[in-house]
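**Q** Sequence:
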Amino acid sequence: MKNYDVVIVGAGPVGLATAIGLQACGIDNFVVLDQTTEFRRVGQIIDLLPNGLKALKSLDNAAYEAVKKTGLDFSQKTRSNPDEKTPKWIQRNFQGEEIQSFPLSYDTWFTEYGEGRVSIPWYDLQTTLREQLPLEQVKANHRCLNLINETETGTIKLDFVSNTAKVVNPYAHWSNPQAESASDQSQAEQSTSVRAKLVVAADGINSTIRRLLYQNTPYAILGEPDYSGFAGIYCSGLDDQVPDKLKAEIQSKFLQHQRVVTITTDKINSIDNSRIVIFCLKNIWGYFIHFPIQLEKLESTKSQNLVDLALESLKKDGFPETIREFVSFSVPAQMKSRLYYIHRATLDDTLKFPDTTNLKHCIGNQLPWGRGRVVLAGDAAHGMPPFLAQGANQGLEDALVISTLIAKVIKKNQLSDEKAIADIFDTYQSLRRPLMEKVQQATLNRSYYNQGEKLAEYQQQVYCRDFQQLRASLI
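Quick note on this note's numbering: the sequence shown kicks off at 1036 and runs consecutively.
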């Protein structure tokens, strides 16, 4: 059985960035293990915003430069109009009037916040980060089944199984019942175990490690995330379905020559607002709808009825006929839906939810992110809906803090010192939790942060911090 100083469970951006941070600090006795049978092109496009890029740059400049180049190359390839100088993502009300807008160019964000913004496919981000690490230290085909605290040796024993059938993550999955296929054929399952002085759980919102960590504690019921009360419906490939006259009307009133637009009510402080994102990328038309809905209602909806469900939501919130007609041309086979889940950074009443949420009751105000020799990072610690594109960015901030603190303990030969380990986990939580509470609050109550002082305050708190100074304070 192999022994490591650090085992990182999860080879997504957060787990890989944590490993890169350890490597940058001169730590090499670690391994990253992921349950996927092989690394392949999956996932959506994600936005890396100034705080995430700043955290990555402070963690390792070479990784930052590689990721930035990959993102900028992707943006250049996908730009529908290469001569477009200042592409924007605009939010409009039902009359087509602008409520707020965000620039999409790297340079505009850099000028405003001291760092830019890049869009990058999840797989390309994962691949770029994997390339910064030795091949033998990042391994797929390892699904964690159990962990055992071996107090006599001061280690954690982790049990894994390989060659298992494909497992769908119910908490981060766009589903289309018409397109669901049988699981990949698997070879004979194999079991393996490793030992670690420390375990970093970066295995996502459906974290196995979190469930195991919370077992036999007052938090056991929250080992699995809560339904946030919000869901999404997605459809693409409408270019051949929607009449040209309707396309022209939407282009004239809402898109106005931009690639993407968000349309919602301009009512402030309404957490129950639905919104639709309409896009036209290289003449491919489609939309996302984010809306509050009872979990049971969406789960029981067949794919052919998703159109009716989308139209019902839009009509209830008073969306104009033009938008509802556009959605009516959806093809059920091309539609997907998703329930959005959250692992709360705080259990008090500062987080506001729609009436459609399903929150499990738990005694206490906070869920622990660390226990013994195990610590949670990224979505495993504070997963949330993607409305403000902060999931990966906050995870990169976690990676910077936790890798720096772990490296400090290792360099001081304190891996056998349980108090030293508890202290760094406390430091990690005290630094990261207050901001995560604010980010989750802003994510859930988006309309409250649409404009004015609240928007400026949010941007200042999230984008404008000095991560080099933060890292220096941890060393």
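It should be emphasised that the hints constitute simulated quantities derived from the structure, not laboratory data.
Just so it is clear, CB atoms sit at the ideal spot from N, CA and C, and this is done for glycine as well.
Please note that a few of the clues may not be correct.
The following label-pair restraints were derived from C-beta to C-beta distances [said to hold, decoys possible]:
no.	residue 1	residue 2	range
1	T1252	S1363	48 to 58 angstroms
2	N1128	G1189	21 to 31 angstroms
3	D1458	F1145	47 to 57 angstroms
4	K1351	E1224	24 to 34 angstroms
5	E1133	T1113	51 to 61 angstroms
6	Q1079	I1256	28 to 38 angstroms
7	R1406	A1223	54 to 64 angstroms
8	S1451	K1174	38 to 48 angstroms
9	Q1225	E1187	21 to 31 angstroms
10	I1183	I1256	15 to 25 angstroms
11	E1187	D1063	37 to 47 angstroms
12	Q1449	D1108	35 to 45 angstroms
13	K1454	C1499	45 to 55 angstroms
14	I1256	L1490	12 to 22 angstroms
For lysine-lysine, the following DSBU-like pairs were computed, each having C-alpha atoms within a straight-line distance of at most 30 angstroms [claimed, not checked]:
no.	residue 1	residue 2
15	K1092	K1447
16	K1174	K1446
17	K1395	K1447
**Q** State for each hint whether it applies.
**A** Okay, the hints, checked on the actual structure:
Between T1252 and S1363 the Cβ separation comes to about 49 angstroms, which falls inside the hinted range of 48 to 58 angstroms. At roughly 59 angstroms, the beta carbons of N1128 and G1189 sit outside the given window of 21 to 31 angstroms. Between D1458 and F1145 the C-beta distance comes to about 36 angstroms, which lies outside the given range of 47 to 57 angstroms. Distance hint check for K1351 and E1224: the Cβ-Cβ separation is about 48 angstroms, which falls outside the suggested range of 24 to 34 angstroms.
Between E1133 and T1113 the beta carbon distance is about 24 angstroms. The supplied range of 51 to 61 angstroms is therefore violated. Here the CB-CB span from Q1079 to I1256 is close to 30 angstroms, well matched to the stated 28 to 38 angstroms. Checked against the hint of 54 to 64 angstroms, the C-beta distance between R1406 and A1223 comes to roughly 34 angstroms, which is inconsistent with it. Between S1451 and K1174, the C-beta spacing of about 26 angstroms breaks the proposed range 38 to 48 angstroms.
Checking the proposed 21 to 31 angstroms range against Q1225 and E1187 shows it holds: the Cβ atoms sit about 28 angstroms from each other. Range check, I1183 to I1256: about 22 angstroms between beta-carbon atoms, so the 15 to 25 angstroms window is met. At roughly 26 angstroms, the beta carbons of E1187 and D1063 sit outside the given window of 37 to 47 angstroms. The given range of 35 to 45 angstroms is respected by Q1449 and D1108, whose C-beta atoms sit roughly 42 angstroms from each other.
The hinted range of 45 to 55 angstroms is not satisfied by K1454 and C1499, whose Cβ atoms lie roughly 35 angstroms apart. Distance hint for I1256 and L1490: a CB-CB separation of about 35 angstroms, inconsistent with the stated range 12 to 22 angstroms. The suggested pairing of K1092 with K1447 holds, with an alpha-carbon distance near 25 angstroms, which does not exceed 30 angstroms. Our distance criterion of 30 angstroms between C-alpha atoms is met by K1174 and K1446, whose separation comes to about 25 angstroms.
Only pairs whose Cα atoms come within 30 angstroms are accepted, and K1395 paired with K1447 is rejected, the gap being roughly 41 angstroms.
Checked against the numbered hints above, the structure breaks hints 2, 3, 4, 5, 7, 8, 11, 13, 14, 17 and satisfies the rest.
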